[in-house]
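Novice: Residue numbers (our numbering), protein chains in the order written: chain A, 1 to 113; chain B, 1 to 113.
Everything labelled a hint here was simulated from the structure, so no lab data went into it.
Quick caveat, the model's predicted, so the values are computed rather than measured.
Where hints are given, some of them may not hold.
With a straight-line cut-off of 25 angstroms between C-alpha atoms, the simulated SDA-like cross-links for lysine to any residue are [claimed, not checked]:
id	chain 1	residue 1	chain 2	residue 2
1	A	14	A	44
2	A	9	B	43
3	B	100	A	28
4	B	58	B	20
5	B	100	A	30
6	B	100	A	65
7	B	58	A	3
8	B	100	A	59
9	B	100	A	63
10	B	100	A	39
11	B	100	A	79
12	A	9	B	105
13	B	58	A	98
14	B	100	A	53
15	B	100	A	61
16	B	100	A	7
17	A	9	B	86
18	B	100	A	73
19	B	100	A	60
20	B	58	A	95
21	B	100	A	103
FRET-style restraints, in silico, Cβ to Cβ [as the list claims (entries may be wrong)]:
id	chain 1	residue 1	chain 2	residue 2	range
22	B	28	A	12	36 to 44 angstroms
23	A	8	B	60	22 to 30 angstroms
24	B	28	A	15	36 to 44 angstroms
25	A	44	B	28	16 to 24 angstroms
26	A	83	B	79	38 to 46 angstroms
27	A	38	B	8	12 to 20 angstroms
Glycine included, each C-beta is placed from N, C-alpha and C at the ideal position.
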Amino acid sequence: NAGVTQTPKFQVLKTGQSMTLQCAQDMNHEYMSWYRQDPGMGLRLIHYSVGAGITDQGEVPNGYNVSRSTTEDFPLRLLSAAPSQTSVYFCASKTAGDGNTIYFGEGSWLTVV
Amino acid sequence: AQSVTQLGSHVSVSEGALVLLRCNYSSSVPPYLFWYVQYPNQGLQLLLKYTSAATLVKGINGFEAEFKKSETSFHLTKPSAHMSDAAEYFCAVTGGGAQKLVFGQGTRLTINP
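Kindly generate the complete structure, drawing on both the sequences and the hints.
Specialist: So, in C-alpha cells, the structure goes:
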C-alpha cells in the first residue's frame, strides 16, 4: 500500500538552483495537488491537476511549475530557488468517489540558502 | 469561496482533561469538512471527515467532531487527553465539485502531565 510517495524527503539548495520534487500515487486518483506548509499559515495550495494533461494554479503558484503527463505522476519544479521557498512541501491526491478525502505524502523538507 | 478559521494557535490541556479544538468554516456550497493531525516531522493523517451524513462524526484515536450548520462550526473533541495526542491539528473544508481543500492555520496541542 504505497499511497502517495514523495522524493526527496530532505533537500538543501543554493539560491538560483533548480530542482524537481517528485510525487507518485498508485491509487489511480484523478486529482493531485501540491501544498506548501509554513509556520502559522497552515497549508497553501501551489498547483493542482484534475487529470493527465490538465493543470491549474492554486493560491501560491509563483516560482513553481508542474506537469501531469500520466495519472500517477505529478512533479513540482522550482525554476530558480529563492530563500522564500524554504518550506515543507506536501503532495496529495484524491478521487471523487471517496467523499473528497485527500491523501497526503510524507512531505519534502526543502531549505534554500 | 471557502475559508476556515481555527480559534487558538496553541491549546494546552492536562492529561486526562477534555480536549476541545475549535474550527469555524465559511462555504457557499454544502461543505465537506476534515480534521487532520500532524506529528512532528511527519505528514498529515486524516482523523475524521464530515460528508453530509451524520452530524456527529467519530474518528480515530477517540476523537470526534460535530457539524453544526447554524454555527458554521466543526469543533474537534476528545473526552480524555493522552500524552500521545500532542501534535498539530488542521481543520479543512472543500465543497461540492470543488477540487481545492482549504486549510486553517493549525492548532498546536500540548498535553501537560
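Novice: Compare the structure with each hint and give your call.
Specialist: Right, here's what the structure says about each hint:
1. A/14 - A/44: Since the Cα atoms of residue 14 of chain A and residue 44 of chain A sit roughly 23 angstroms apart, the hinted pair holds (cutoff 25 angstroms).
2. A/9 - B/43: Distance of about 11 angstroms is within 25 angstroms: holds.
3. B/100 - A/28: holds, 18 angstroms
4. B/58 - B/20: It holds: about 14 angstroms lies between the C-alpha atoms, which stays within 25 angstroms.
5. B/100 - A/30: Given that 25 angstroms is the threshold and the Cα spacing comes to 13 angstroms, the pair holds.
6. B/100 - A/65: holds, 18 angstroms
7. B/58 - A/3: holds, 23 angstroms
8. B/100 - A/59: Roughly 10 angstroms separates the two Cα atoms, so the pair holds.
9. B/100 - A/63: holds, 20 angstroms
10. B/100 - A/39: Holds: residue 100 of chain B and residue 39 of chain A sit about 21 angstroms apart, inside 25 angstroms.
11. B/100 - A/79: Within the cut-off at roughly 24 angstroms; holds.
12. A/9 - B/105: holds, 23 angstroms
13. B/58 - A/98: holds, 17 angstroms
14. B/100 - A/53: Holds, because 18 angstroms separates the two Cα atoms, which is no more than 25 angstroms.
15. B/100 - A/61: holds, 14 angstroms
16. B/100 - A/7: Satisfied, since the Cα-Cα distance of roughly 23 angstroms is no more than 25 angstroms.
17. A/9 - B/86: Satisfied, since the Cα-Cα distance of roughly 23 angstroms is no more than 25 angstroms.
18. B/100 - A/73: holds, 18 angstroms
19. B/100 - A/60: holds, 13 angstroms
20. B/58 - A/95: It holds: about 22 angstroms lies between the C-alpha atoms, which stays within 25 angstroms.
21. B/100 - A/103: With Cα atoms ~13 angstroms apart, residue 100 of chain B and residue 103 of chain A stay inside 25 angstroms; holds.
22. B/28 - A/12: 36 to 44 angstroms: Check passed, 42 angstroms falls within 36 to 44 angstroms.
23. A/8 - B/60: 22 to 30 angstroms: With a Cβ separation near 29 angstroms, residue 8 of chain A and residue 60 of chain B satisfy 22 to 30 angstroms, so the hint holds.
24. B/28 - A/15: 36 to 44 angstroms: holds, 41 angstroms
25. A/44 - B/28: 16 to 24 angstroms: This hint holds: roughly 20 angstroms between Cβ atoms.
26. A/83 - B/79: 38 to 46 angstroms: holds, 44 angstroms
27. A/38 - B/8: 12 to 20 angstroms: Cβ of residue 38 of chain A to Cβ of residue 8 of chain B: about 19 angstroms, so the range 12 to 20 angstroms holds.
Of the numbered hints listed earlier, not one is contradicted by the structure.
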